[in-house]
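Enquirer: Okay, here's what each chain looks like letter by letter:
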Amino acid sequence: MPTDGPTPLERFINGILPENPVYRQLLGMCPVLAVTSSMKNAMTMAGAVAFVLICANIIVSLIRNRLQPHLRILVFTLTIATFVTIADRVLAAFMYSTSKELGPYIPLIIVNCLIICRCEVCASKQGVTTATFDAVGQSLGFAIGLATMASMRELLANGSWFGIEMFWLEGTASEKYRWALMGLPPGAFFSLGILLGAVNWITSLKKKKCSPQLEG
Amino acid sequence: MKNYVKQGWLVVILALGFGAALAGVNVALNPIIEQNQKNETYEQIPVLVLGTLVDGITKKDMKIVGNAITISKAGETVADLKIRRKLIETADSEYTVYCVTGSPRGGWVITAEGMGFADKIKALVGLDTEAKKITGVYVLEQKETPGLGNKIVGPWSRQYSGQPADKPLKVEKRMSKEDMDAKDGAIDAISGATITSDALTTIVNGAVEQFRADLKAGKTNANEKSEEKK
Chain Z
1 MPTDGPTPLE RFINGILPEN PVYRQLLGMC PVLAVTSSMK NAMTMAGAVA FVLICANIIV
61 SLIRNRLQPH LRILVFTLTI ATFVTIADRV LAAFMYSTSK ELGPYIPLII VNCLIICRCE
121 VCASKQGVTT ATFDAVGQSL GFAIGLATMA SMRELLANGS WFGIEMFWLE GTASEKYRWA
181 LMGLPPGAFF SLGILLGAVN WITSLKKKKC SPQLEG
Chain D
217 MKNYVKQGWL VVILALGFGA ALAGVNVALN PIIEQNQKNE TYEQIPVLVL GTLVDGITKK
277 DMKIVGNAIT ISKAGETVAD LKIRRKLIET ADSEYTVYCV TGSPRGGWVI TAEGMGFADK
337 IKALVGLDTE AKKITGVYVL EQKETPGLGN KIVGPWSRQY SGQPADKPLK VEKRMSKEDM
397 DAKDGAIDAI SGATITSDAL TTIVNGAVEQ FRADLKAGKT NANEKSEEKK
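Here the protein sequences line up with chains Z and D, keeping their order. With the working numbering, letter number 194 in the first sequence gets 194, and the count goes up by one each step, no holes. Just remember that the working numbering sits 216 ahead of the position in the second sequence, which is counted from 1.
A portion of the hints provided could be inaccurate.
[Claimed, not checked] EDC-like mimics (lysine to aspartate or glutamate), calculated; alpha carbons at most 20 angstroms apart, straight line:
| id | chain 1 | residue 1 | chain 2 | residue 2 |
| --- | --- | --- | --- | --- |
| 1 | D | 338 | Z | 101 |
| 2 | D | 276 | D | 259 |
| 3 | Z | 100 | D | 250 |
| 4 | D | 359 | Z | 101 |
| 5 | Z | 100 | D | 335 |
| 6 | D | 383 | D | 404 |
| 7 | D | 254 | Z | 101 |
| 8 | D | 336 | Z | 101 |
| 9 | D | 359 | D | 329 |
| 10 | D | 383 | D | 430 |
| 11 | Z | 100 | D | 256 |
| 12 | D | 349 | D | 382 |
| 13 | D | 338 | D | 425 |
| 14 | Z | 100 | D | 259 |
| 15 | D | 275 | D | 250 |
| 16 | D | 298 | D | 346 |
| 17 | Z | 100 | D | 329 |
| 18 | Z | 100 | D | 357 |
| 19 | D | 338 | D | 357 |
| 20 | D | 338 | D | 259 |
| 21 | D | 349 | D | 404 |
| 22 | Z | 207 | Z | 19 |
| 23 | D | 349 | D | 430 |
| 24 | D | 254 | D | 329 |
| 25 | D | 338 | D | 310 |
| 26 | D | 367 | Z | 101 |
| 27 | Z | 125 | Z | 19 |
| 28 | D | 279 | D | 256 |
| 29 | D | 435 | D | 308 |
| 30 | D | 383 | D | 395 |
| 31 | D | 276 | D | 296 |
| 32 | D | 348 | D | 397 |
| 33 | D | 338 | D | 256 |
| 34 | D | 432 | D | 346 |
| 35 | D | 275 | Z | 101 |
| 36 | D | 336 | D | 256 |
[Claimed, not checked] Residues on chain D that point at chain Z, a partial pick, calculated with CB under 7 angstroms:
| id | residue |
| --- | --- |
| 37 | 223 |
| 38 | 230 |
| 39 | 238 |
Simulated from the structure, these hints should not be mistaken for lab results. Nothing here was measured: the structure is a model prediction, and the numbers come from that model. Backbone N, C-alpha and C fix where the C-beta goes; we use that ideal spot for every residue, glycine too.
Sequences are here, hints too, so could you generate the full structure?
Expert: Rendered as structure tokens:
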């Protein structure tokens with residue numbers, strides 16, 4: 001079947017870095033700011049988003065030829081809401097304490113723009129294979145975004161990573177080196193600003209290297 | 217009409233399909249989720265009733281079967297508790313009483329609820345068998361300010377244990393170590409979160425007072441038959 005638009009592999013690679021949902025598209029900022037105070041919560045969120053995104057992309061791609069254009073957003077939301085509810089219930093059943101810590105942020109995946117954006121941009125226009133690769137790539141990109149934020153915040157705020165104390169903080173003096181602010185909302189904004197700046201800086205350096213004639 | 221059907225059939229079919237799928241998920245997972253919620257309360261009961269007697273006990277040492285909790289450490293049984301649950305209706309709301317019996321000692325655990333600084337706080341309060349002393353307080357749900365008010369979840373709430381239950385507790389700022397050890401009804405406020413400390417203490421006071429009145433009136437005698445229905 002001839003398809004217009006990017007191939008599955010292109011979609012997959014684009015999602016990870018060139019079109020990273022967090023650092024390039026700035027989508028899904030609510031979980032990025034809210035659940036990145038610890039690595040465990042961030043990765044649970046990344047897993048839940050990946051599940052919802054992959055399932056929603058597959059379903060939307062399967063029914064894309066029967067979609068009425070003016071009803072498409074309704075169908076996207078319906079699909080996403082179903083999988084979010086499933087993810088929420090599964091977490092409450094098998095990861096009860098994490099589910100309690102994440103609180104309303106799991107149900108709020110419904111309004112994560114990343115998912116509806118992928119349904120609109122890719123799944124409603126391209127085949128199942130492309131849509132699946134796209135979803136996996138974007139999910140990985142989102143997970144990388146959350147992981148960088150969460151690593152920075154958890155290390156600075158608690159001196160731990162995935163709940164494991166870092167060796168240089170062991171002992172009684174550890175309290176001194178904890179920057180509690182990084183675990184609080186202001187810390188989320190600081191981290192996001194610094195990381196976004198860093199990503200933009202690296203991208204601009206790369207551009208300069210590739211095309212020096214465009215400089216200035 | 218025909219036009220509506222033509223345009224909307226996919227939405228209707230999807231909604232029905234998704235609805236059925238969700239119902240299936242709910243049927244399969246709801247018992248597990250309810251058990252999780254029950255266990256969350258039950259896991260706290262030994263700590264609330266037995267206090268320091270179960271220091272160093274982890275969840276792994278605890279075995280919850282039905283309404284019985286057994287705690288064993290290194291092959292020895294530390295505690296063997298039986299729990300009876302009863303819902304008590306008050307004038308404007310209701311709360312749950314867990315009557316704990318067994319060895320090494322029994323007691324009561326009651327649920328307490330009220331407004332905190334940010335949102336509702338839900339807590340469990342442990343009392344001794346005669347409801348004369350508070351044996352522990354555990355916060356189940358709270359959305360207080362992280363880093364300040366949410367300290368009520370941590371070791372701070374240990375100062376409630378050993379406090380008298382026959383007079384309302386009072387929150388005081390900057391208490392000395394001796395005053396805190398005296399356990400004469402004063403609670404040391406969390407610095408930076410006086411409102412939260414006040415709120416939790418008020419919630420505990422209210423719940424304890426209500427429970428003591430109900431205990432006197434004999435409302436707490438768990439009725440086995442009504443118990444089975446729940």
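Enquirer: The structure should be examined with respect to each hint, and the outcome stated for every one.
Expert: A quick look at each hint next to the structure:
no.: 1; hint: 338(D) x 101(Z); in the structure: 15 angstroms, holds
no.: 2; hint: 276(D) x 259(D); in the structure: 10 angstroms, holds
no.: 3; hint: 100(Z) x 250(D); in the structure: 14 angstroms, holds
no.: 4; hint: 359(D) x 101(Z); in the structure: 10 angstroms, holds
no.: 5; hint: 100(Z) x 335(D); in the structure: 15 angstroms, holds
no.: 6; hint: 383(D) x 404(D); in the structure: 16 angstroms, holds
no.: 7; hint: 254(D) x 101(Z); in the structure: 17 angstroms, holds
no.: 8; hint: 336(D) x 101(Z); in the structure: 16 angstroms, holds
no.: 9; hint: 359(D) x 329(D); in the structure: 13 angstroms, holds
no.: 10; hint: 383(D) x 430(D); in the structure: 16 angstroms, holds
no.: 11; hint: 100(Z) x 256(D); in the structure: 11 angstroms, holds
no.: 12; hint: 349(D) x 382(D); in the structure: 8 angstroms, holds
no.: 13; hint: 338(D) x 425(D); in the structure: 17 angstroms, holds
no.: 14; hint: 100(Z) x 259(D); in the structure: 16 angstroms, holds
no.: 15; hint: 275(D) x 250(D); in the structure: 18 angstroms, holds
no.: 16; hint: 298(D) x 346(D); in the structure: 17 angstroms, holds
no.: 17; hint: 100(Z) x 329(D); in the structure: 18 angstroms, holds
no.: 18; hint: 100(Z) x 357(D); in the structure: 9 angstroms, holds
no.: 19; hint: 338(D) x 357(D); in the structure: 5 angstroms, holds
no.: 20; hint: 338(D) x 259(D); in the structure: 16 angstroms, holds
no.: 21; hint: 349(D) x 404(D); in the structure: 18 angstroms, holds
no.: 22; hint: 207(Z) x 19(Z); in the structure: 15 angstroms, holds
no.: 23; hint: 349(D) x 430(D); in the structure: 16 angstroms, holds
no.: 24; hint: 254(D) x 329(D); in the structure: 17 angstroms, holds
no.: 25; hint: 338(D) x 310(D); in the structure: 13 angstroms, holds
no.: 26; hint: 367(D) x 101(Z); in the structure: 15 angstroms, holds
no.: 27; hint: 125(Z) x 19(Z); in the structure: 18 angstroms, holds
no.: 28; hint: 279(D) x 256(D); in the structure: 13 angstroms, holds
no.: 29; hint: 435(D) x 308(D); in the structure: 16 angstroms, holds
no.: 30; hint: 383(D) x 395(D); in the structure: 17 angstroms, holds
no.: 31; hint: 276(D) x 296(D); in the structure: 15 angstroms, holds
no.: 32; hint: 348(D) x 397(D); in the structure: 18 angstroms, holds
no.: 33; hint: 338(D) x 256(D); in the structure: 13 angstroms, holds
no.: 34; hint: 432(D) x 346(D); in the structure: 10 angstroms, holds
no.: 35; hint: 275(D) x 101(Z); in the structure: 19 angstroms, holds
no.: 36; hint: 336(D) x 256(D); in the structure: 18 angstroms, holds
no.: 37; hint: 223; in the structure: 5 angstroms, holds
no.: 38; hint: 230; in the structure: 6 angstroms, holds
no.: 39; hint: 238; in the structure: 6 angstroms, holds
Hint compliance for this structure: every hint is met.
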